[in-house]
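Engineer: The residues making up each chain are set out below.
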Amino acid sequence: AQSVSQHNHHVILSEAASLELGCNYSYGGTVNLFWYVQYPGQHLQLLLKYFSGDPLVKGIKGFEAEFIKSKFSFNLRKPSVQWSDTAEYFCAVKGKTSYDKVIFGPGTSLSVIP
Amino acid sequence: DAGVIQSPRHEVTEMGQEVTLRCKPISGHNSLFWYRQTMMRGLELLIYFNNNVPIDDSGMPEDRFSAKMPNASFSTLKIQPSEPRDSAVYFCASSSMTAINTEAFFGQGTRLTVV
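As they're listed, the protein sequences go chains A and B.
Numbered by our numbering, the letters in the first sequence go through residues 1 to 114 in order.
Numbered by our numbering, the letters in the second sequence go through residues 1001 to 1115 in order.
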């Protein structure tokens, strides 16, 4: 079965703390991987993506993620969070055929305390 | 490009009424997705189209829900009759089917409240 799991439902951090959000997927075949962010009251926006090549990908606002194929993981990291990073974060996977759909994880709510 | 455009942004309707949500995908994109987001169930894929053809509608909750894509630049999601439990934010997203390495782009969503 195709699925995405995220390790934490809700994370609370103080400003300047380091962040790591876990994501694991189950999918037969090669995949594209994504992290989306949803700020309060807004739509989902792409944070970063992995298609191929270097498994360490860098996105906007200082975020990065590492694809570990052997662990079926794509964890999101940021060395120092800011209050403005408070949002919902979604990991997603999509197969590499034209007809594959995007499968989202349940999301992780991040609250950053000033 | 203006991105994925959804209308209306907000909809309040009475139980039993018909509701129609609209989506205009990004020009040139030929995959279109309808998602529903609630606190309880998170982000759910309802249906998606490739080249205007529905590929997978297994996420559509029941027969009260229907979706159409009459052409490459327009899709509708209809709920008839609507019920309070349909209250949610409905997102439309599009992507390019011809490019396998591409992400989905989301619209601003329609916040539906059924009273």
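Treat the hints with care, since some could be wrong.
Below, in silico cross-link-like pairs of lysine-lysine (DSS-like), each with a Cα-Cα straight-line distance of 25 Å or less [claimed, not checked]: (1) B:Lys-1024 to B:Lys-1068; (2) B:Lys-1024 to A:Lys-58; (3) A:Lys-49 to A:Lys-71; (4) A:Lys-58 to A:Lys-96; (5) A:Lys-49 to A:Lys-69; (6) B:Lys-1078 to A:Lys-71; (7) A:Lys-61 to B:Lys-1078; (8) A:Lys-49 to A:Lys-101; (9) A:Lys-71 to A:Lys-58.
Reference excerpt, derived from the structure (chain A facing chain B, CB under 8 Å, subset only) [unchecked claim]: (10) Tyr-39; (11) Phe-72; (12) Pro-106; (13) Ser-109; (14) Val-112.
It is worth saying that the hints were derived from the structure and are not from the lab.
A quick note: this is a predicted structure, and the numbers were derived from the prediction, not measured.
Even glycine gets a Cβ: it sits at the ideal position worked out from N, Cα and C.
Engineer: Please go over all the hints and tell whether each is borne out by the structure.
Structural biologist: For each hint, the structure was consulted:
At most 25 Å may separate the alpha-carbon atoms for a hinted pair to count; Lys-1024 of chain B and Lys-1068 of chain B meet this at roughly 12 Å. At most 25 Å may separate the alpha-carbon atoms for a hinted pair to count; Lys-1024 of chain B and Lys-58 of chain A exceed this at roughly 30 Å. Under the criterion of a C-alpha separation no larger than 25 Å, the hint pairing Lys-49 of chain A with Lys-71 of chain A is consistent with the structure, at around 18 Å. Note on Lys-58 of chain A and Lys-96 of chain A: the hinted pairing holds, with a Cα-Cα distance of about 21 Å set against a maximum of 25 Å.
For the hint linking Lys-49 of chain A to Lys-69 of chain A, the alpha-carbon distance of about 15 Å falls within 25 Å, and the restraint holds. In summary, the hint linking Lys-1078 of chain B to Lys-71 of chain A is not supported, as the alpha carbons are separated by about 41 Å, beyond the 25 Å threshold. Using a Cα cut-off of 25 Å, the hinted pair Lys-61 of chain A and Lys-1078 of chain B is violated, with the two alpha carbons roughly 37 Å apart. For the proposed pair Lys-49 of chain A and Lys-101 of chain A, the alpha carbon gap of about 15 Å is at most 25 Å, so the pair holds.
At most 25 Å may separate the alpha-carbon atoms for a hinted pair to count; Lys-71 of chain A and Lys-58 of chain A meet this at roughly 20 Å. At its closest, the beta carbon of Tyr-39 of chain A sits 12 Å from a beta carbon of chain B; the interface hint therefore is violated under the 8 Å criterion. Using the Cβ-Cβ criterion of 8 Å, the hint placing Phe-72 of chain A at the interface with chain B is not satisfied: the shortest such distance is roughly 19 Å. For Pro-106 of chain A, the interface hint holds, the least distance from its beta-carbon to any beta-carbon of chain B being 5 Å, beneath 8 Å.
Below 8 Å, beta-carbon pairs count as interface contacts, and Ser-109 of chain A has none with chain B, the closest being about 10 Å; its hint is therefore violated. Evaluation of the Val-112 of chain A hint against chain B yields a violated restraint, the C-beta minimum of about 20 Å exceeding 8 Å.
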